[in-house]
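Since the structure of chain A is already known, use the hints to place chain B on it.
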Amino acid sequence: MLEKLVNGFESFLFRNRAWVVSIFILVTFFLGYQASQLKMDAAFIKNIPLNHSYMQTYLKHQKDFGGANSIMVAVEDTSGNIFNPNYFDTLKNVHDQLFFIPGVDRSQVKSLFSPSTRFTEVVEDGFAGGPVIPADFATTETGLNTVRDNIEKAGIVGRLIANDYSAAMVSAQLMDFDPQTGKPLDTIAFAAQLEKELRGKYETDKVKIHIIGFAKMAGDVADGAKGVLLFFVIAILVTAAMVYLFSKSIILTLLPLICSLTAVIWQLGLLTVIGFGLDPMSILVPFLVFAIGVSHGVQIINAVKRRVMDGQSTKAASASAFRSLLVPGGVALLSDTVGFITLLFIDIGIIRELAISASLGVGVIILTNLILLPLVISFTEINVPPQGQPTSDEVRAEAIWRYLAKFATPKYAIVVIIATIASYFAGLEKANQMKIGDLQAGAPALHQDSRYNLDTFFITDHFSITTDVMTVIVEASPEACTYHDVLTQIDEFEWLVRNTPGVESTVSLASVAKKVNAGFNEGNPRWEVLPRTTASLVQAIGQIPTTSGLLNGDCSVMPVYLFMKDHKAETIETVVAKVKAVAAKMDNDKLQFKLASGPVGVMAATNEAVAEAQLPMMIYVYGAVFVLCLISFKSFKATVAVIIPLYVVSTLAQALMTMLNIGLAVSTLPVIALGVGIGVDYGIYILSTMSSKLSNGMPVQQAYYEALVERGSAVIFTGLTLAIGVSTWFFSALKFQMDMGILLTFMFLVNMLGAIIILPALAAVFWRQPK
Amino acid sequence: MSFRILQCVAAISVGCLFSSPSFSAQSERFPQIQPLAASSLVLDIAHAGKQLVAVGERGHVLVLNDKWQQVPTPTSVQLTKVFFLNEKLGWAVGHDATILHTQDGGQTWSLQMQSTEIEKPFLDVLFLNEQEGMAIGAYGLFYRTRDGGANWTEEFHEELLAEEDVSYLAELKNSDQAAYLTERASLLPHFNRMIALKDGRLLLVGELGLVAMSADKGQNFTRTGFDYDGSMFNAIQLQDAVYVMGLRGHVFKADLSLAQWDEIDMPVKSSINGVMAASETSLYLVGNAGIVIQLNQDDSSSIVTRRQGENLVSIAKDNQGNVWLSGSQGLLTLKP
Numbered sequence: 001m002l003e004k005l006v007n008g009f010e011s012f013l014f015r016n017r018a019w020v021v022s023i024f025i026l027v028t029f030f031l032g033y034q035a036s037q038l039k040m041d042a043a044f045i046k047n048i049p050l051n052h053s054y055m056q057t058y059l060k061h062q063k064d065f066g067g068a069n070s071i072m073v074a075v076e077d078t079s080g081n082i083f084n085p086n087y088f089d090t091l092k093n094v095h096d097q098l099f100f101i102p103g104v105d106r107s108q109v110k111s112l113f114s115p116s117t118r119f120t121e122v123v124e125d126g127f128a129g130g131p132v133i134p135a136d137f138a139t140t141e142t143g144l145n146t147v148r149d150n151i152e153k154a155g156i157v158g159r160l161i162a163n164d165y166s167a168a169m170v171s172a173q174l175m176d177f178d179p180q181t182g183k184p185l186d187t188i189a190f191a192a193q194l195e196k197e198l199r200g201k202y203e204t205d206k207v208k209i210h211i212i213g214f215a216k217m218a219g220d221v222a223d224g225a226k227g228v229l230l231f232f233v234i235a236i237l238v239t240a241a242m243v244y245l246f247s248k249s250i251i252l253t254l255l256p257l258i259c260s261l262t263a264v265i266w267q268l269g270l271l272t273v274i275g276f277g278l279d280p281m282s283i284l285v286p287f288l289v290f291a292i293g294v295s296h297g298v299q300i301i302n303a304v305k306r307r308v309m310d311g312q313s314t315k316a317a318s319a320s321a322f323r324s325l326l327v328p329g330g331v332a333l334l335s336d337t338v339g340f341i342t343l344l345f346i347d348i349g350i351i352r353e354l355a356i357s358a359s360l361g362v363g364v365i366i367l368t369n370l371i372l373l374p375l376v377i378s379f380t381e382i383n384v385p386p387q388g389q390p391t392s393d394e395v396r397a398e399a400i401w402r403y404l405a406k407f408a409t410p411k412y413a414i415v416v417i418i419a420t421i422a423s424y425f426a427g428l429e430k431a432n433q434m435k436i437g438d439l440q441a442g443a444p445a446l447h448q449d450s451r452y453n454l455d456t457f458f459i460t461d462h463f464s465i466t467t468d469v470m471t472v473i474v475e476a477s478p479e480a481c482t483y484h485d486v487l488t489q490i491d492e493f494e495w496l497v498r499n500t501p502g503v504e505s506t507v508s509l510a511s512v513a514k515k516v517n518a519g520f521n522e523g524n525p526r527w528e529v530l531p532r533t534t535a536s537l538v539q540a541i542g543q544i545p546t547t548s549g550l551l552n553g554d555c556s557v558m559p560v561y562l563f564m565k566d567h568k569a570e571t572i573e574t575v576v577a578k579v580k581a582v583a584a585k586m587d588n589d590k591l592q593f594k595l596a597s598g599p600v601g602v603m604a605a606t607n608e609a610v611a612e613a614q615l616p617m618m619i620y621v622y623g624a625v626f627v628l629c630l631i632s633f634k635s636f637k638a639t640v641a642v643i644i645p646l647y648v649v650s651t652l653a654q655a656l657m658t659m660l661n662i663g664l665a666v667s668t669l670p671v672i673a674l675g676v677g678i679g680v681d682y683g684i685y686i687l688s689t690m691s692s693k694l695s696n697g698m699p700v701q702q703a704y705y706e707a708l709v710e711r712g713s714a715v716i717f718t719g720l721t722l723a724i725g726v727s728t729w730f731f732s733a734l735k736f737q738m739d740m741g742i743l744l745t746f747m748f749l750v751n752m753l754g755a756i757i758i759l760p761a762l763a764a765v766f767w768r769q770p771k
Numbered sequence: 001m002s003f004r005i006l007q008c009v010a011a012i013s014v015g016c017l018f019s020s021p022s023f024s025a026q027s028e029r030f031p032q033i034q035p036l037a038a039s040s041l042v043l044d045i046a047h048a049g050k051q052l053v054a055v056g057e058r059g060h061v062l063v064l065n066d067k068w069q070q071v072p073t074p075t076s077v078q079l080t081k082v083f084f085l086n087e088k089l090g091w092a093v094g095h096d097a098t099i100l101h102t103q104d105g106g107q108t109w110s111l112q113m114q115s116t117e118i119e120k121p122f123l124d125v126l127f128l129n130e131q132e133g134m135a136i137g138a139y140g141l142f143y144r145t146r147d148g149g150a151n152w153t154e155e156f157h158e159e160l161l162a163e164e165d166v167s168y169l170a171e172l173k174n175s176d177q178a179a180y181l182t183e184r185a186s187l188l189p190h191f192n193r194m195i196a197l198k199d200g201r202l203l204l205v206g207e208l209g210l211v212a213m214s215a216d217k218g219q220n221f222t223r224t225g226f227d228y229d230g231s232m233f234n235a236i237q238l239q240d241a242v243y244v245m246g247l248r249g250h251v252f253k254a255d256l257s258l259a260q261w262d263e264i265d266m267p268v269k270s271s272i273n274g275v276m277a278a279s280e281t282s283l284y285l286v287g288n289a290g291i292v293i294q295l296n297q298d299d300s301s302s303i304v305t306r307r308q309g310e311n312l313v314s315i316a317k318d319n320q321g322n323v324w325l326s327g328s329q330g331l332l333t334l335k336p
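Chains as they are written, first to last, in the UniProt record's numbering: chain A, 1 to 771; chain B, 1 to 336.
Chain A with its partners taken away, still in its complex shape (with noise of 0.2 Å):
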């Protein structure tokens, strides 16, 4: 029946050959307009897990708390001192500038220049304070001695200015909608602009700029991810090279990688057409449907080169080769669109978006490789020797696959597969200590030596803030910080929290009204105690204005701010867990302690939503791919032979991932999805052959050895192919662009192998002959 139809087609599209590739031709360049439009994009938004509970805390009290997305810009003298008229200039005018550049929050921006940074100092008939930098401040020795001494009677050292006064930071807090288009914020656009408009215009020899926060980082992989154009071009030519030298014809070569490029096209023209940017988490996804592309283009070129060396004409091979691969191909791309498709699973933006572009380009790979392909070729003259005395080159491939054959012996099977369950378990120790999460410090999508993180070391070095911050939110009535026992509460929760490995210091309502009491009582330490009296509560919380983001208007919601070691993952866990154990026995009715907020916050989130999605998605990828491969073979052993040597492979990359200390994040996630999906294709390409001659009655080996001589070169040639593609990305600017290109070739090498070594090794076995 299949064959029918398939039969039916192949003699529709070549009869109509002319008129399919000018559609074919059409759609390329409306797609390629289309693509010419597409945008980078990076948005806070996708890269955390919405529905998590974590996040729906976050979003609840965002609006009164700020979010994660912040933007600290610290202002450095190059002397070790900002005493100075020149220096204090300079942070006015990046304090000014931040202030006016579309997307900050002015409510939020702070600096020794903003109105709410005043100092309050202990006189002996009450207070005595005011604005740090005063109003009439001038850069005077006068004036910038007066500013030294507010400077620490305002206690910001370490937070507004640098523990060793050599710089001062301005911060301020981003909106994630432009108020007054509605428009969500451009988050790269918004990077380049602090880029010129404060680190352009202000650094100088004596300046120095330092910007963190997501936007910049968002803004600084957009940029590494630019240099990924480089590698493509890479990657075509080290392509080419190999099809050519596979193909031994110029024209043989260009039309599969024109096909694949083709393919790559029509994947970026959709994603502007479906309304999608390009993120530079996705950026991957043009590599894997070009060399997808490719692999399966090096199948069709394989079977027209043979069935022209046999003696047919090019056009009558072309078809023939559609015919016959159409099947397996179609099964083999659509097993890795299932693979992607999974994805779609996982609740957080960026991995959905890449799911969805992957799923479209593979998709797109059916189209351009499958038929258009054969249908070009068909258009050419092929001239290959005629059979006649073989090649050395083929004496020597006829060799190998007479030793690769040997694998479906029994002898040699049960060698492979004790080896392959030795190596699955040495692999399952290691892949059962896989790291969740990001396990350097910085920003983990870049290289530790990289602008942004070398700034982060710099504020973190010389600051006492760091962006590892968690946020717990507590929960109560109205009014709840005017009762001494709420205030307790919080401040016993602060304190078994900052008791825990990881968290270096602490800060709450709590803990701010106690040194405010002691305020009121001559600056005493002894009176830093939560005053029972109503009176001196509110008066000592009276102090302290919601801007400093420790209460909410009417009180009823009070954060507690982790500042944390790091955000690995250990660290994390580890504090989460002390949070939810100390939680579950204070929580009550009238107050809660929820998770979070902060940086860290949502790192907590997307890690547990990493860890949890990651059985789902392995169960649904394995699904996927054993539906498709029962249908398609309609046989339970040739299924579980395929998916055999997938799950080992898997699973050793899962051990390689602890081995090279790479944690499974939201950039490292897919890989195994992906290396499934891809990766099943080898082991459907070599059974589709064996297949019908086993159930013929074939011996296994025989079978082995005319599935190698037919497709053998074309699997090998298409796992050098696929690992050459990701491989180049080693050499990224980005840090999450060279763990997926290093599990991506390691996935593409591992499984071509496990195809031609570990399956008939199993075929052996599963299909024994009767003595």
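Derived by calculation from the structure, the hints in this document are not laboratory data. Wrong hints could be hidden among the right ones.
Taking lysine to aspartate or glutamate pairs in the DMTMM-like style, the calculated list, with each CA pair at most 25 Å apart, reads [claimed, not checked]:
no., chain 1, residue 1, chain 2, residue 2
1, B, 335, A, 152
2, A, 92, A, 105
3, A, 153, B, 310
4, B, 269, A, 164
5, A, 153, B, 229
6, A, 580, A, 475
7, B, 88, B, 66
8, A, 515, B, 117
9, A, 565, B, 310
10, B, 335, A, 461
11, A, 565, A, 608
12, B, 269, A, 152
13, B, 335, A, 164
14, A, 60, A, 587
15, B, 269, A, 141
16, A, 515, A, 492
17, A, 153, B, 265
18, B, 269, A, 149
19, A, 515, B, 310
20, B, 335, A, 504
21, A, 63, A, 96
22, A, 515, B, 229
23, A, 693, A, 398
24, B, 67, A, 504
25, A, 693, A, 706
26, A, 208, A, 141
27, B, 217, B, 87
28, A, 196, A, 178
29, B, 88, B, 132
30, B, 269, B, 299
31, A, 248, A, 706
32, A, 63, A, 176
Frame of chain A; chain B shown alone:
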């Protein structure tokens, strides 16, 4: 704005009708021993014989062995002072009118008194012998024991009231007994520190320029000729000179007659909380803004160190010769 007034308002709103101390045990939901106890707010260090014992926030008590080790206590309120009569017997006092007692050099503690109703902290404790002791605190809080702390009774030191307050109280006592008690509870200044001079007289310093002397074990105090209005937080005798010190870096010196106090010029304007004899002829003063000052007999002084962003409250030397500071960052050694 005067915080003195604000505190009075706060205290009046509830009043002080305390008669018998009530005892409350600390909740046992979470362990009191925590890794950061030695690096959170520590308010006093005292010698138990040769050993140092420190007290701080959340009822923390720490004992210095090779390093500071936290020991459990029956309270979680802030402890403000600790006093040891000898290497075994000690008392610690704090907020919620708490008095703790140890008989084993600070290893175990029992509660002698605690009352949330009093709503005033004890700020110092002094024992003259195993039986007789006094605990003093905010708004003239004054409790005395004659049985080693088994029973504590309140005393009101009317003699330290300002003159106009005396007549005001006398009037009120006749007209409105309840209002009289309420007012009385908040008219006296904070008693911050009481020390025994070498001749046995007691010197009491406190809020609003209170510097008073008692020659009868604290039954009656008389104000000395001290005419600065700010609070004094500490006092010490060095040879034949008596020093008091407090708000905004004010330090005064008098001879043993305590008749005339001369102000000593200080290099900083931060409040001074703690003091220790550095040698026969010099003192170490510690205070807010992380200052440690050496003050010599000839009134010359120098800043030893300034720990930015910290408040230092107490200073003591251990038997190895290390000088320990305590304050907002807990216990740390003074690096000369």
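Hint check:
no.: 1; hint: B:335 to A:152; in the structure: holds (22 Å)
no.: 2; hint: A:92 to A:105; in the structure: holds (18 Å)
no.: 3; hint: A:153 to B:310; in the structure: holds (12 Å)
no.: 4; hint: B:269 to A:164; in the structure: holds (22 Å)
no.: 5; hint: A:153 to B:229; in the structure: holds (23 Å)
no.: 6; hint: A:580 to A:475; in the structure: holds (15 Å)
no.: 7; hint: B:88 to B:66; in the structure: holds (19 Å)
no.: 8; hint: A:515 to B:117; in the structure: holds (23 Å)
no.: 9; hint: A:565 to B:310; in the structure: holds (21 Å)
no.: 10; hint: B:335 to A:461; in the structure: holds (23 Å)
no.: 11; hint: A:565 to A:608; in the structure: holds (20 Å)
no.: 12; hint: B:269 to A:152; in the structure: holds (12 Å)
no.: 13; hint: B:335 to A:164; in the structure: holds (19 Å)
no.: 14; hint: A:60 to A:587; in the structure: holds (19 Å)
no.: 15; hint: B:269 to A:141; in the structure: holds (21 Å)
no.: 16; hint: A:515 to A:492; in the structure: holds (15 Å)
no.: 17; hint: A:153 to B:265; in the structure: holds (21 Å)
no.: 18; hint: B:269 to A:149; in the structure: holds (12 Å)
no.: 19; hint: A:515 to B:310; in the structure: holds (12 Å)
no.: 20; hint: B:335 to A:504; in the structure: holds (24 Å)
no.: 21; hint: A:63 to A:96; in the structure: holds (23 Å)
no.: 22; hint: A:515 to B:229; in the structure: holds (24 Å)
no.: 23; hint: A:693 to A:398; in the structure: holds (19 Å)
no.: 24; hint: B:67 to A:504; in the structure: holds (21 Å)
no.: 25; hint: A:693 to A:706; in the structure: holds (9 Å)
no.: 26; hint: A:208 to A:141; in the structure: holds (23 Å)
no.: 27; hint: B:217 to B:87; in the structure: holds (23 Å)
no.: 28; hint: A:196 to A:178; in the structure: holds (20 Å)
no.: 29; hint: B:88 to B:132; in the structure: holds (16 Å)
no.: 30; hint: B:269 to B:299; in the structure: holds (16 Å)
no.: 31; hint: A:248 to A:706; in the structure: holds (23 Å)
no.: 32; hint: A:63 to A:176; in the structure: holds (11 Å)
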